[in-house]
Amino acid sequence: MKIVIDGCGKIGKTILASLVAEGHDVVAIDNNPQVLAEITNIYDVMGVCGNGTDSDVLLEAGVETADLVVAMTGSDELNMLTCFLAKKLGAENTIARIRNPEYNDKSLSFMREQMDISLTINPELLTSVELFNLLKLPSAAKVETFSARNFEIVEIKLKPDSALDGMKIMDLRNKFKAKFLISAVCRGEEAYIPDGNFVLKSGDRICISATTLEIIRLMKEIGIQQKSAKKIMIFGGGKLAFYLAKKLSEGKNAVTIIEKKPEVCERLCEALPKVTVVNADGTDQEVLLEEGLLSVDAFVSLTGMDEQNILMSAYAQTKGVPKVITKINRSSLIPLAENWGLDTVISPKVTVSNVLVRYARALENSQGSSVETLYKLMDEKVEVLEFIVKEDSKIIEIPFKDLSLKPNTLVAGIVRNRKTIIPTGDDMFLPQDKVIILAANQRINKLSDIIRG
Amino acid sequence: MNRRMVFYLLGKILYIEAALMSLPLVCSAIYKESKSLFAFVITILLSLGLGLALTKFNRPKDKTIFAKEGFVIVALTWVVMSLIGALPFVISGEIPNFFNAFFETVSGFTTTGASILTDVEAISHGCLFWRSFTHWVGGMGILVLVMAIVPTESGRSMHIARAEMPGPIVGKLVPKLKTTAKILYLIYICFTVLEAILLLAGGMSLFDSILHSLGTAGTGGFGVKADSLASYTPYMQWVIAIFMLIFGVNFNIYYLILVRKIRTAFRSEELWVYIGIVLGAVAIITANVYNSFTNFADALRNATFQVASVITTTGYSTVNFSVWPNLSKGILFLLMFIGGCAGSTAGGLKVSRVVLLVKRVFSNLKRSLHPRSTELIKLEGKKVETDTANGVLVYFALYFICITAVFFLLLFEPFDMETNLTATVSCFNNIGPAYASAWDNYNIYSSFSKVVLSFAMLLGRLEIYPMILLFSPTSWLKRRKIKK
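In order, the protein sequence lines correspond to chains A and B. So the first sequence is numbered by my numbering: it starts at 1 and just counts up by one. So the second sequence is numbered by my numbering: it starts at 1001 and just counts up by one.
Some clues are possibly wrong.
[To be verified] Derived DEER-like restraints, expressed as beta-carbon distance ranges:
id	chain 1	residue 1	chain 2	residue 2	range
1	A	E307	B	W1272	20 to 28 Å
2	B	N1390	A	W340	41 to 49 Å
3	A	G90	B	L1194	27 to 35 Å
4	A	T65	B	I1042	44 to 52 Å
5	B	K1378	A	D284	33 to 41 Å
6	B	R1260	A	S332	50 to 58 Å
7	B	E1269	A	S332	51 to 59 Å
8	B	W1272	A	A37	49 to 57 Å
9	B	G1381	A	P335	45 to 53 Å
10	B	P1096	A	T65	53 to 61 Å
11	A	A37	B	L1279	34 to 42 Å
12	A	G203	B	G1381	57 to 65 Å
Calculated from the structure, these hints are not laboratory results. Note that CB positions come from ideal geometry on N, CA and C, so glycine has one too.
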């Protein structure tokens, strides 16, 4: 597929990298020649230097034959204009990053319709949802939800004293009453989809898939259950903090935002009446202690600087805050943070690139059963995909024990008539099922890809 | 440097070379030449064996390559390809001296066409085919061929492409490097086949027309006759002259025509400067040599042929132009420096570099009159980045430093200035024939000078940097293994 990406900042570059890895023909537009030189050195893409709202530049990039045009510059207005122009010039689909809260209200769908934009992406809003889920289930390092929260996958790290240490996966279901699957394990650099004989070790990162209720029950039984966070301190008052605080304060949580710039504080205070907004330098440890770091359930650092976020999260960790979440944008810093014990890391650009990869895959095979949701787990080594089974599919009504699945793939769950099934060998795909598939170290485009042959 | 990866890629390239050599092998078999057949079989086996050793016993875990590795891979590839490529000549006993065979092969791959053979017509068909085929492979580039057919190992292959493809700015036609390489080769093959058909239609034998097409396509210049193309008909000479000019044009232009962006294609500044230089040179030389020919048509044909041959750095000839009047000789000598367009198979400085240099000179002259003026250099209607413009200046300086160095090393030979100077410039710019004593034969030089000239040809073809960085110790610094 031919894809044009306008704007190669942090997010644009991540999207570009994942779309190139998917094998698409990518053309990058940026007005900074140095950025383009860097990108064309690292990735197999073509660069066009110029302004993405200039139709000559767009034509040089070949939007008239492009299947998808993605506008990811820092300015919402430029993105909208680029998408509008690209569509008029003949692009099939357009995606714009629009993140200003003022545009993200009722007017958004109106604008999208008028300008014929296929999809708008708000990285901060998407990430705030991810953060919200994490704060509701603090024992997990990562929570992904599928088909209207009927099904969840959580990632946890096995501590040395964990009840699961040294256990065979086969024995787990007998020991614990809950219905669940250990759907993926990451040990060191390698990610596996384990079979029944796999023995868990402390230090492993494991993914558990089950319904939300079952997961809470299981956590209780393993003994790592934590109450969902009620008192939350947010360091940094950017757009992401705004969306998160808004969502949290709607649900009777006590939220404190610490932000250095007075004008930003004023704006936050105006928009979020229930939130305590503190105008102070959050890197000052005294300030954090004064504002009650020792009594909060969770500390979330969301400033624009990775280094600041890592340092203050590490500080909160030493003060015994039960849940510490760190926003890190430079992926090379994530392992460093994990070495410091900061195991819950979020990265908006990864969230956004997942959305785009899913969109591109769905475009690529719009006839077959297309991807509904896509997440990448375990440092992007494992993919989780949600499909809807179509009537004409060749693999329906055959029990799983008779289907030969490819190695390192797993049917983790089926949602049928709003009921979640954790499948065994006797289950089968039926039309209109929503199914959740895990695949390690490979790419699945359509549901039939999981069958060997 | 990631040595394992460099040698791994080198191993793959040896496979390719073995595959390429199967064509002359078939040719030897057709003409039932047992000696050269045997030589190709031995060389192919050796090449496969070495390739196997480098790829099977050397599996790199870390596959990242940076600019450094790109340069070294390209330089090493060309040296190793030439070393192996020389073997068939030695084993078959047709060029028994290894230095001679190496010179001949380097001259082939770099599309120079300078030869040490005193009697070309005595060489077997298989070896002749291989000689011309090296032109064809070297013209578009060995690694570009590798990229077109071998699955890419790393996203950073652009470093390799940039090191091998000539010109100040290396871009792509389409987003993917692999597709770009395929398109380039497709255009290349089409033109080559077309030329062979046209020559065949004019009555040239099949073998000769294939070899001349291969030689023209790569802008090489190895022929099959001692007097190059003098004994062929005017029709054939015109066909070859026109195709030489075609292969001296930037291939991007053909791609633009292919995708029906004809107006953009013909707006190319470089193309018009190139056409202008050719027309100007042809006009002057025709007038200058008019008296030595019987009619105007002959003068025009010979002038056009020689100009096309020299500006595209091919090196075919229909007359001995080293005995032409000084004006014509001088113009042809200057054309040697200019070369064809960037992104073509020709050598030399490249027209776009010359255009940039001239523009830069004028803008600096203007600046000395208006010291506060803002000067911007534009090429093809677009601003040229300062880095690129400075890169061209540095390249120009380096180019003359290298030519001077090669010229100095040749001073130990007992020949006059004209011979040594034109031999240096001719080899460096991948043309072939030089004036005076080295007109059609470089066998007069000692083995030492042959190695120096071979190196000069590689410097010229790869545009200096890769060959120099190959010998820089910092390129070879070992990369530490990361423990996991």
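Verification of the supplied hints:
1. A/E307 x B/W1272: 20 to 28 Å: Taking Cβ atoms as reference, A/E307 and B/W1272 lie about 53 Å apart, which means the hint is violated.
2. B/N1390 x A/W340: 41 to 49 Å: For A/W340 against B/N1390, whose Cβ atoms are near 44 Å apart, the range 41 to 49 Å holds.
3. A/G90 x B/L1194: 27 to 35 Å: holds, 34 Å
4. A/T65 x B/I1042: 44 to 52 Å: holds, 50 Å
5. B/K1378 x A/D284: 33 to 41 Å: Because 53 Å falls outside the window, the suggested range is violated.
6. B/R1260 x A/S332: 50 to 58 Å: Violated, since B/R1260 and A/S332 (Cβ atoms, about 44 Å apart) do not stay within the stated range.
7. B/E1269 x A/S332: 51 to 59 Å: violated, 42 Å
8. B/W1272 x A/A37: 49 to 57 Å: Because 28 Å falls outside the window, the suggested range is violated.
9. B/G1381 x A/P335: 45 to 53 Å: holds, 46 Å
10. B/P1096 x A/T65: 53 to 61 Å: holds, 57 Å
11. A/A37 x B/L1279: 34 to 42 Å: holds, 36 Å
12. A/G203 x B/G1381: 57 to 65 Å: For B/G1381 against A/G203, whose Cβ atoms are near 60 Å apart, the range 57 to 65 Å holds.
Hint compliance for this structure: hints 1, 5, 6, 7 and 8 are not met, and every other hint is.
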